[in-house]
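Peer 1: Sequence:
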Amino acid sequence: MEEKKKTILYLCNCGKNIAEFINMDELQTWAKSQGNIDAVEIHDLLCAPNGKSFFKEKLNASKAENVIIAACSPKMHEATFSKLAEEASVNSGRVLMANIREQCSWVTKDKEHATKKAKHLISAALAKAPFLENIEHRSLECLTDLLIIGGGVAGIEAAITASRAGRKVYIVDKNISLGGHVITTEEVAPHMECAPCMLAPRLAMIKNDPNIQVITNAEVKAVRGFKGNFEAKIKVKKRYIENSCIGCEACFPVCPVERKSEFHLGMGSTKAVYTLFPGSVPAAAIIDDSLCKHFSDKSCNDACVKECPFGSINFEQTDSELIVKVGAVVVASGFDSFNPAKHPSTATHLKYGELNNVYTINEFERLAASNGPSGGRVLLKDGTSPKNVAVIHCVGSRREDILNYCSGTCCVSATKVGHMLRKQDKEIKVINVHNDLSFATPEEYSFYTKERTAGTDYRRSTDQSAVKLASNGKAIKVSAPGITSFDADMVILATGAIPAKSTPELASLLNIETDKFGFFKSASSLLEKTLSTIDGIHVVGSAQHPASVGDSIALAHSATAEILSSLMPGRKIELEVATATIDKERCAGCKLCISVCPYSAVVFNSEKKISEVIEAICRGCGTCTASCPSGASKARMFTNEQIAAEIGGLFK
23 MEEKKKTILY LCNCGKNIAE FINMDELQTW AKSQGNIDAV EIHDLLCAPN
73 GKSFFKEKLN ASKAENVIIA ACSPKMHEAT FSKLAEEASV NSGRVLMANI
123 REQCSWVTKD KEHATKKAKH LISAALAKAP FLENIEHRSL ECLTDLLIIG
173 GGVAGIEAAI TASRAGRKVY IVDKNISLGG HVITTEEVAP HMECAPCMLA
223 PRLAMIKNDP NIQVITNAEV KAVRGFKGNF EAKIKVKKRY IENSCIGCEA
273 CFPVCPVERK SEFHLGMGST KAVYTLFPGS VPAAAIIDDS LCKHFSDKSC
323 NDACVKECPF GSINFEQTDS ELIVKVGAVV VASGFDSFNP AKHPSTATHL
373 KYGELNNVYT INEFERLAAS NGPSGGRVLL KDGTSPKNVA VIHCVGSRRE
423 DILNYCSGTC CVSATKVGHM LRKQDKEIKV INVHNDLSFA TPEEYSFYTK
473 ERTAGTDYRR STDQSAVKLA SNGKAIKVSA PGITSFDADM VILATGAIPA
523 KSTPELASLL NIETDKFGFF KSASSLLEKT LSTIDGIHVV GSAQHPASVG
573 DSIALAHSAT AEILSSLMPG RKIELEVATA TIDKERCAGC KLCISVCPYS
623 AVVFNSEKKI SEVIEAICRG CGTCTASCPS GASKARMFTN EQIAAEIGGL
673 FK
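The sequence shown lines up with residues 23 to 674 when you count with my numbering.
Some hints could be false.
[Claimed, not checked] When the alpha-carbon atoms are kept at most 25 Å apart in a straight line, the in silico BS3-like pairs for lysine-lysine are as follows:
#1 LYS196 / LYS523
#2 LYS26 / LYS85
#3 LYS257 / LYS243
[Claimed, not checked] Label pairs and their calculated CB-CB ranges:
#4 PHE539 / GLU271: 40 to 48 Å
#5 PRO300 / PRO366: 33 to 41 Å
#6 GLU550 / LYS347: 21 to 29 Å
Treat the hints as calculated values from the structure; they're not laboratory data.
The beta carbon of each residue, even a glycine, is placed where N, CA and C say it ideally should be.
All chains, please: the whole structure from these sequences, using the hints.
Peer 2: Dropping the structure here:
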């Protein structure tokens, strides 16, 4: 029979926080009368320096192996007392706290009742004590490199920040160049900073940084592992052009095929061989094999091959696969814009795609851009300048039947329209139709008041979902409840932000959660803003929620700072001690634990036909233990025996 281990009980007055509401003398006398306590010590403030010395002194003298502290919440000082116990050669797995402050003195006005309740909580801890087990503190070597999924402004900023700290960075984007949404705009509100001027130097930094590997025209296909040790499989699609290409564009003029430009949102064209925009990163062009004559009738005689001064064109190129090992993942996959033609209500009312001169806000950004399809001139389909422009707010947003949230950045983008059109022609009249306005910062509101003073007209409708557009000769009739109908030459639709198309697939392969709106969910809305529901995977920018450029950059810096501080070269990461274990003799191989584990920490050993826990991933939540029908899964520090004894002790 195992020898009974000595138990010491500490009672903490917590100044007056506990002692004023609980009869500590009575509690001490009662505790000494219990047969399962070998020593009872009381102190005014155990967490104070003299209290810590008192704690270690009494523990060493008592030779106790089980330690119970009746004091504050374990969230406050369990780590403190566990460390002190370890210093006194007592395993921290044998340290228990009975919360007689938050659960007694702070919430129970009657002193007699509070004292009685404290006795019950201490009894529960005493009953659990004989079942305590030693725990092993484990650590693991970690990688410190980063994988960034998404090459927009947030991904770019995260990559540069990590590289500055000497980390290797892999930045992956599905497009053929980095840049994201911001590179398609001319100016960034509210300060109307030049977007290309802001991003071009950042792109050049990434291009020339030996610590950053840019992987575009690619998709992450699998991610396995845990914080400090992730392995990602990346599919790199063929470009038919080698990296020796510098984007000189010598092959462009001789290509006989034209295609719609995705950079210009279909409003301009490129050749079948093209770059996304001048200054793309990487600089290498790509060939659209669905249109290239080489892959059909070869009528072009491979003119591009003959023109290329670097011999970069390779029609034999195939897709490739890349495996990278990193310590953390940053998801910066961005957002998509609501398409008003895809929903019956907006399609019927706004006739986007049917009426001429009706554009989304993103299309307007391209028209107004100096590198846009019309050279920065916003023109009607007939080539003339508009005289009257309507801007419709909240297209898709703040509607229960479409996007049941405010997209946050649309109002300031809509306000840009008047500013940019007046640069073209001060006589252009701009009318914004809205139900409400949302400006997140003083600078954004100041921008709005400035533009209103400059001449932008704001008209409030009583129902944005009822705004209607109709053809009225060459003009477009705009009508909405609460405002007088008017004619416009051009209409701009301020469309809402929706989760990127890749979000569900990414969430599945990363095993992270999305929120009720479809964006990636953070572990905490306040304290761990960028951390996903899996440790080591962070979500930044509009992948998490519709975010401004400034907020996206701030989130990127926050995530990178957290990664840099927690994954440091030469420093191991501490693993969770309260992990689950599976008794191989009792496991029936039903795999129920695998299906319920929120961290993918349980795997099936097909040879042994049993489930096994990857302890480096396990967070000790106990879900597998609660679901196991055979009792094979055991939660360390929360075993069935411990919990049953603790519950029994409460009713003594």
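Peer 1: A separate judgement is required for each hint: does it hold in the structure or not?
Peer 2: Here is how each hint holds up against the structure:
1. LYS196 / LYS523: holds (11 Å)
2. LYS26 / LYS85: holds (12 Å)
3. LYS257 / LYS243: holds (6 Å)
4. PHE539 / GLU271: 40 to 48 Å: At 41 Å between Cβs, range holds.
5. PRO300 / PRO366: 33 to 41 Å: holds (40 Å)
6. GLU550 / LYS347: 21 to 29 Å: holds (25 Å)
Against the hints set out earlier in the document, no violation occurs for any number.
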